[in-house]
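Asks: Residues per chain are reported as follows:
Number of protein chains: 2
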Amino acid sequence: MKNYFLHNDWQIIEEGFNPEMHEAAESIFSIGNGKMGQRAMFEENYSGKTLQGSYIAGVYYPDKTRVGWWKNGYPEYFAKVLNSPNWITMDIQIDGESIDLFKNNPSNFKRILNMKSGLLQRSFDYSTSSSKKISVDVERFMSKEDDEIACIRYSITAHDNASVVWNSGIDAFVKNTDANYDEIFWSRVSEKSDNEKAWLKSKTNKLNFEICEGFFVKTFIDGVELSNVKYTSTDWKINSSWEFNLEKGKTYTMEKYVSIVSNMYYDADQLEQACADNLIKAKQYGYDELKNRHVNSWAEVWENADIIIEGDVAAQQGIRFNIFQLNQTYTGRDPRLNIGPKGFTGEKYGGSTYWDTEAYCLPFYLGTSDAKIAKQLLRYRYTQLDKAIENAAKLGFNNGAALYPMVTMNGEECHNEWEITFEEIHRNGAIAFAVFQYELYTGDKSYLKEGGAEVLLGISRFWAQRIHWSAAKKQYVMHGVTGPNEYENNVNNNWYTNYISNWCMKYTTEVINYIAETDKEYYVDFCTKTNFNTSELEKWSDITSNMFFPVDDELGIFLQQEGYLDKEQMMASDLPSSERPINQHWSWDRILRSCFIKQADVLQGLFLFEDHFDENTLRRNFDFYEPRTVHESSLSPCIHVIQATKLGYTDKAYELYLRTSRLDLDDYNKEVHEGLHITSMAGTWMAVVNGFGGLRIKENKLSFSPMLPKQWDGFNFLVRYRDSILNIKIDKENISVSTNAITTVDCEIYGNTISLEPNKVYTQALLK
Amino acid sequence: MKNYFLHNDWQIIEEGFNPEMHEAAESIFSIGNGKMGQRAMFEENYSGKTLQGSYIAGVYYPDKTRVGWWKNGYPEYFAKVLNSPNWITMDIQIDGESIDLFKNNPSNFKRILNMKSGLLQRSFDYSTSSSKKISVDVERFMSKEDDEIACIRYSITAHDNASVVWNSGIDAFVKNTDANYDEIFWSRVSEKSDNEKAWLKSKTNKLNFEICEGFFVKTFIDGVELSNVKYTSTDWKINSSWEFNLEKGKTYTMEKYVSIVSNMYYDADQLEQACADNLIKAKQYGYDELKNRHVNSWAEVWENADIIIEGDVAAQQGIRFNIFQLNQTYTGRDPRLNIGPKGFTGEKYGGSTYWDTEAYCLPFYLGTSDAKIAKQLLRYRYTQLDKAIENAAKLGFNNGAALYPMVTMNGEECHNEWEITFEEIHRNGAIAFAVFQYELYTGDKSYLKEGGAEVLLGISRFWAQRIHWSAAKKQYVMHGVTGPNEYENNVNNNWYTNYISNWCMKYTTEVINYIAETDKEYYVDFCTKTNFNTSELEKWSDITSNMFFPVDDELGIFLQQEGYLDKEQMMASDLPSSERPINQHWSWDRILRSCFIKQADVLQGLFLFEDHFDENTLRRNFDFYEPRTVHESSLSPCIHVIQATKLGYTDKAYELYLRTSRLDLDDYNKEVHEGLHITSMAGTWMAVVNGFGGLRIKENKLSFSPMLPKQWDGFNFLVRYRDSILNIKIDKENISVSTNAITTVDCEIYGNTISLEPNKVYTQALLK
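Protein chains in written order, with this note's numbering: chain A, 6 to 773; chain B, 6 to 773.
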């Protein structure tokens, strides 16, 4: 579907209506505000294919696990993002016939997502079966400022006379497409209406999530407000009905104001009041003011996070789309929330939290938002430490060893493939690394004593038990893991997992020593609470001093796992295009036996621990592994862009950048109809900032080594660092850096430290 | 439930009724005749827990696959044994109240399965809620002689006067408990009745299996036949109704004659006629003659297959139970049928054919039945060769490479766990080995040209493609397999699989050379049909000459797989009993990482290829692996009994024998309510005959090296060999061998060849 959506700096544009593309467009045009989100279904009835999706952050359903063959240790439930009441629905009958763009295709159809303002707009001309013609304009937003309020402004301009019945309401009888046993997840609680509004409550059949959604409408003819709407309620549904006669030439407008609240934020018995309060607030502000507040809120986001790419509109649109979607998904306001792989754009993958959060999203939020937002992501894991300890206990670990889940909503594991659930344990490493990265980026060690050290201890305890002594090797080994490259399962001594596990134990030791030295009181509390004993440090030290790491001395590379070189060695470029992606063409055993790599594995380690290795080591490993990598994870290309840039492989870097930045807009994997790849969007940001921008975090400063892809005229990005924002601008000749700080800020350019003074632009020549 | 069923040489006896045990008893008391089978549900209504199960051989349903996460290559369907119409059902109302042994528990309840005669008998005293007393006697059989006919004789002796309505019929509205999506598998076709009988037809909703079941009853008062029954039919059901008044002291008997036919054996439009013909035949014979024919047929089985154990009633009962159930399950009359893991005793595991058939059942049928029965098992696989080639093609293999399915009904793979479906490929070796074993046992090479060579070629082609050259090792290797020990998944160079794969290529080479030398005409046909080229033999020879086999020279053992010694080494005896079986207590990853072995793996190879290795090699490997084996497969102990016996480890042999012989009768695994472990029953036979009897097949003779467990006074078994039956009797002092052959038969006793003369008993002292 390359080029289906028009290229534009700030907008995603669909011109002309294509029912085949509608579900994909529903994903692409999704809107959200971190607390709720909505696929871009049409307001009107639509009899064609559509994936209904309205989501409320944190409200989920534990769907009974479905597997073919049960394995001991599998979780009983898989937490699913819940499709919740449909609040956009409008049934607009013209001379008794409902508008339905599938039945009667529109002309001059145009759909625009304005990323600058966060507005979804749509316009089209429509003719009923009996040829009554109208023009329609619709605008929709979920307020980023008033995050329990959403609005629609829907206008019909008449080109004929006709009678109209315009029903608009909320429909709570919704199902999840992705329900293991076709269960209905919701129960009715109540539906009510009065003269001014209607509202309903629903409750999940498990876990007692309760929500209240209410709305009112304003109606206008040629801008003059009327008061002629009747509100009603029936089982599962609330409705407003506006009946009138269209007069040719006149414009009829309905503004729909919706409030959505859940018992995540209110007591269940306060929900109706909270909902009503929101509606009162909405009425007071009115549509235009609500919209202003929303647009201003987006302006703030862009002020901190925009990336400008010059000379390449597709790339410009791609990177903004990614930044936009990430900001629609997560705001950091609530430490119970996290970043689902599909955000608010689809049901697939259920759950909300993968290691993507720490490995990809955390750097994005650190670089573009206040540190407290990143800290919320850390707190999320601390809050779930008890569950991680329970999770490990289920697998036979003890003494406070913690295994964070592969997929989770509330800290409980949701996933049920043994090779992932029980074996893709490197996720624990990413969660520890996030603590380190936060500390390095912010310089703030306070989180270590607010839970960070406990998280690190649980993780290191897990590693110490998961690793065992091999009498045969006379070294410590780790068996039965799945590394980041999920095209290998149940391997022994995955270099990446071995490496990060050892790093965890070393870093945890440092942190515990730091605490013991600097805060005796907390240290005593910590030891008591966790039953920590310094003999554990000795054990860890013994492990890290005697760990086995698979290497090949001849090639000078780290081995992805023991025996990797026994595989038949092939290059990804040898694969016929008819067999790619291999995960859609090859059986699983064939994939496992092949040397092909799904996403960075050894290279993921060299990315995270870049400073531990020299550039030649990186080069040898990159030269060996990248050609064997098929990049069939959306998380793969970005890491390689960063490394290719560093190694001066600029063509390779740009080629891989293209794969990541427009993954969804160009639907590379033919699956965008299921929703967007939200977490990998953060990887795209990294590809620009850490890749082409060459950003690295050093002790107490940022460092940049930019390069400019030859396809671009220049690019410009902002990075938030501690109390200031750095503005980095690269054109064909120069790199310019400035800061909004009020004092001098140090940073490194190509390894040289420079002191940026407030309001001065530092410029130097771009290295080529 | 040890000792719940009373010990008896020829009978399984339940005394007293225990509703908690009813489902287990339904499995234990199952009857069948190879063409159909039936769990021992009660005829009367029963409101307690019961697992309804009536099965018709070859009639199955492709149930849509259910998995958590789809892997490329998974089969779309899992063929399920079909629960089919309930033909035993009787609703007997006494003064308007149905007999229900759950509501009003019976007294003097006794249930007997007579294994000698194949009769299921039951008697009890019963009192209605209003204290009307009766005594009941029931007998049931599915005729082994007339294998589309089943009979019930149900007698009520009155101790009070009461009115009775005795409905008896067939109920076709049945479901599978094990249905992935709760689907109904059957559709109604028709129900009909006339003055003498009633019959119905049903059809499966997929694959067009169609069945017709009909019945008539005879009724008697004190042995005097009446003619007062009315037949009716309604949707899904046919019925006969007999209304009368019980008179104290009189006995009322109903004989129910049932015919069950399917379009496996008749055109669909002939089914009604075939069913009617059976009923006419049944009427002509009458109950007693049908029963005689059935009992005589069982007598023939025992004449060929009985094993007598003296001094140990539990062991005697156990071995007869196993022989009995195997003969209920498979008769070899139809090459489309095979031996399901639960036979006709439950739905679990679906499918009908596992590698159990070749590895365990084939030796049993070779040793106890005419060779043509074993040949049917070989022909089953030949018939399915095309599907095995398709199956391999789905996984990326070509040029006629064949991978037989792990679980199948019609040749298509049913299983859907990648680590089994795609990786437990040693099954292919067992299927080739069966061809070899049949040839060795029977001396008959004819099957090689009737399909055997084609099967071998397909299998060897698979191995040649599945094995690859390791440039690192400079040897051929096989990656990504699951060996017989399913507590390891996705390992590299499993010794057993490497060994049997190489053996396959060598044996296939021999067979092809033999054919080329002895039958040029067939050889040309063979080459044309299979596109065979002698360069394939060169490739195989290169592989078998340069194959990697993992060994440990220091311990002098073959390694189960590469890296096995890197595991933490523990003994099964170190496991606390609270953690056993580990498959019910440990998470899957923990099982995989441990050194514990589910069932013989290296030792399976040393069992099949015993002659390739010296006794010290066997001893070193047994001493190493058996203590690490947890025997959590029903197929495990028997192989170890055989090897322990050979090595003189008599206590170990007897301990393991107990685990296999009464597995179901004593419900070791707490799962007998789901059905019996039919295929492993053949392993028990092997434990006695190949283990304690020391039977081995040598070129053109059998060889025996018996030992007597000290718990036994003696044992006696029959082995069919070519045209004769050998009778081997062991007591505390001697071994006696005789034959029913009319000419001299050679055999070996403890390595010495002796010539058995007809009608003479050869006796020598038992070695101790």
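These are computed hints drawn from the structure, not numbers from a lab.
All of these numbers come straight from a predicted model, not from anything done at the bench.
It is possible that some hints are incorrect.
Copies of the same chain are indistinguishable here, so a pair counts whether it falls within one copy or spans any two.
No farther apart than 25 Å at their CA atoms in a straight line, the calculated lysine-lysine pairs in the BS3-like style are these [said to hold, decoys possible]: (1) Lys353 x Lys76; (2) Lys180 x Lys197; (3) Lys478 x Lys511; (4) Lys54 x Lys208; (5) Lys657 x Lys544; (6) Lys353 x Lys69; (7) Lys715 x Lys242; (8) Lys76 x Lys534; (9) Lys734 x Lys288; (10) Lys478 x Lys450; (11) Lys544 x Lys737; (12) Lys253 x Lys54; (13) Lys534 x Lys235; (14) Lys180 x Lys534; (15) Lys675 x Lys76; (16) Lys288 x Lys223; (17) Lys353 x Lys773; (18) Lys392 x Lys288; (19) Lys7 x Lys544; (20) Lys180 x Lys69; (21) Lys479 x Lys108; (22) Lys115 x Lys7; (23) Lys286 x Lys675; (24) Lys706 x Lys353.
Asks: Which of the listed hints are not met by the structure?
Replies: Violated hints: 4, 5, 7, 8, 9, 10, 11, 12, 13, 14, 17, 18, 19, 21, 23 and 24; rest satisfied.
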